[in-house]
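Participant: Protein sequences, first through last, are from chains C, S, Y and A. Note that this note's numbering has the first sequence beginning at 36, numbered continuously upward. Note that this note's numbering has the second sequence beginning at 36, numbered continuously upward. Note that this note's numbering has the third sequence beginning at 36, numbered continuously upward. Note that this note's numbering has the fourth sequence beginning at 36, numbered continuously upward.
Since the hints were derived computationally from the structure, they do not count as laboratory data. Please note: incorrect hints may appear among the correct ones.
Copies of the same chain look alike in the list, so a pair counts if it works inside one copy or between any two.
As the list claims (entries may be wrong) - No more than 27 angstroms apart at the CA atoms, straight line, and that leaves these computed lysine-lysine pairs for DSSO-like:
1. Lys-133 - Lys-145
2. Lys-140 - Lys-47
3. Lys-136 - Lys-100
4. Lys-140 - Lys-100
5. Lys-133 - Lys-100
6. Lys-47 - Lys-145
7. Lys-100 - Lys-145
There are 4 protein chains.
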Amino acid sequence: MADHTTTLAVLKDALRHFAAERAWEPFHSPKNLAMGLAVETAELMEHFLLVDCEASRTIARAGQKRGEVADELADVGCHLLNLCNAMEIDLSDAIQAKMAKNAQKYPVEKYRGRFEV
Amino acid sequence: MADHTTTLAVLKDALRHFAAERAWEPFHSPKNLAMGLAVETAELMEHFLLVDCEASRTIARAGQKRGEVADELADVGCHLLNLCNAMEIDLSDAIQAKMAKNAQKYPVEKYRGRFEV
Amino acid sequence: MADHTTTLAVLKDALRHFAAERAWEPFHSPKNLAMGLAVETAELMEHFLLVDCEASRTIARAGQKRGEVADELADVGCHLLNLCNAMEIDLSDAIQAKMAKNAQKYPVEKYRGRFEV
Amino acid sequence: MADHTTTLAVLKDALRHFAAERAWEPFHSPKNLAMGLAVETAELMEHFLLVDCEASRTIARAGQKRGEVADELADVGCHLLNLCNAMEIDLSDAIQAKMAKNAQKYPVEKYRGRFEV
Chain C
36 MADHTTTLAV
46 LKDALRHFAA
56 ERAWEPFHSP
66 KNLAMGLAVE
76 TAELMEHFLL
86 VDCEASRTIA
96 RAGQKRGEVA
106 DELADVGCHL
116 LNLCNAMEID
126 LSDAIQAKMA
136 KNAQKYPVEK
146 YRGRFEV
Chain S
36 MADHTTTLAV
46 LKDALRHFAA
56 ERAWEPFHSP
66 KNLAMGLAVE
76 TAELMEHFLL
86 VDCEASRTIA
96 RAGQKRGEVA
106 DELADVGCHL
116 LNLCNAMEID
126 LSDAIQAKMA
136 KNAQKYPVEK
146 YRGRFEV
Chain Y
36 MADHTTTLAV
46 LKDALRHFAA
56 ERAWEPFHSP
66 KNLAMGLAVE
76 TAELMEHFLL
86 VDCEASRTIA
96 RAGQKRGEVA
106 DELADVGCHL
116 LNLCNAMEID
126 LSDAIQAKMA
136 KNAQKYPVEK
146 YRGRFEV
Chain A
36 MADHTTTLAV
46 LKDALRHFAA
56 ERAWEPFHSP
66 KNLAMGLAVE
76 TAELMEHFLL
86 VDCEASRTIA
96 RAGQKRGEVA
106 DELADVGCHL
116 LNLCNAMEID
126 LSDAIQAKMA
136 KNAQKYPVEK
146 YRGRFEV
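Only chain C is shown next, with the shape it has when bound in the complex (with noise of 0.2 angstroms):
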């Protein structure tokens, strides 16, 4: 597999078959699944507890720490889809829509080089 590759339907149809084969379904309500979601980001962020927010740029390059952000980012992505099986939620039709939300509230030329929460 690969990003330009993999559509989003694919690994929710492979998670589903996941969770199907062990007959999991009863595991994954949406309260569960989202705890389980903050838990694993908690163990992503845990990786950039002691550096500073450019340091945390490098991390990445290091061959052990490369390998073990990645297992967290894909935890992430699991409980994430995950969910949207579970809610019957289109992930790439919500993020369009909020792209376009977010284009609105940010115009480019009003927040070049500017951000705010």
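Knowing the structure of chain C, use the given hints to seat chains S, Y and A on it.
Facilitator: Okay, now just chains S, Y and A, sitting in the frame of chain C:
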């Protein structure tokens, strides 16, 4: 867009373009994106705070709530893909590798209907 | 120590001393302590990931699990008090002020048995 | 109130009373309180999202921001103490036990000026 026709690279490219137009790359250190991802994940989780696991399954059915949850899922997705962009990580590869590991860790015959963290 | 004889200042002083002995103040920026607090909170939450709300009430009764959860609660408490130290914030004052605000926001007669986020 | 005169039991009693007046105990399962704690922690973290570690040290100096951060710290504190109430855990004891463990894990002579997760 839709999940069965959209590749991850298409979404990553759209997000890279969105950030580049606004010259936001300086804000996109992995440390800050990981923090932002955790913030978005908590906002998603908040929708499930007051319901029980079973009740959380029906939240996505209702009109307004469904839209709000899809919006938060999109925010989580955008941050995750921004992180993959910033760290040049192929998410499909990472997810495939993780699923192979999990298939070893949770063999079907032993984990059918059982789960543990 | 015990909660009915221990003031918050006693705990804050103990934590300040612990950090000073190790010259850890440079690691205790509010940004990093807030991230660390989020990481510890996720570790606490993980103990409740696979149980339903009602079942989570009995987790603290069992021996080993009770000790593990108390340990995570302590980690959360230490990070919270380290943050109060780093920012010179009086937590008792802040909690008292917040409870006064919440008493206005959630009047007893209107919110008895009801809750909303 | 102030941290040098307020015991943890005083705050815990005030929170127990606040919940009892509103008959909120059914909402205070450990699972939900842990989720709520994670949500509040993320709201606190959001204040530090766009600043660097060093810059985060000065945020608490400014008027309005200082009040907002104190407010979030109070929310985190309330959820933490509500959890200790729900699980009948003595937080001072737990913190003291954890600090004794950490003193063994991070001996002064070895960890002066060094830190690791």
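Participant: Now look at each hint and say whether the structure bears it out.
Facilitator: Going through the hints against the structure:
For a Cα distance limit of 27 angstroms, the shortest separation of Lys-133 from Lys-145 inside one copy, 19 angstroms, qualifies, whereas the shortest one across copies, 36 angstroms, does not. In this homomeric assembly, Lys-140 and Lys-47 come within 27 angstroms of each other (Cα to Cα) only across copies, at 20 angstroms, whereas the closest approach inside a single copy is 30 angstroms. For the homomeric pair Lys-136 and Lys-100, the shortest alpha-carbon distance between copies (18 angstroms) is at most 27 angstroms, but the shortest distance inside one copy (35 angstroms) is not. With identical chains, the CA atoms of Lys-140 and Lys-100 are at most 27 angstroms apart between copies only, with a shortest distance of 21 angstroms across copies and 36 angstroms within one.
Taking identical chains as interchangeable, the C-alpha atoms of Lys-133 and Lys-100 lie at most 27 angstroms apart only when they sit on different chains, with a minimum of 15 angstroms there against 32 angstroms within one chain. Proximity of Lys-47 and Lys-145 under a CA criterion of 27 angstroms is satisfied inter-copy only: 23 angstroms between copies versus 37 angstroms inside one chain copy. For the homomeric pair Lys-100 and Lys-145, the shortest alpha-carbon distance between copies (24 angstroms) is at most 27 angstroms, but the shortest distance inside one copy (37 angstroms) is not.
Going down the numbered hints, you'll see the structure goes against none, and every one checks out.
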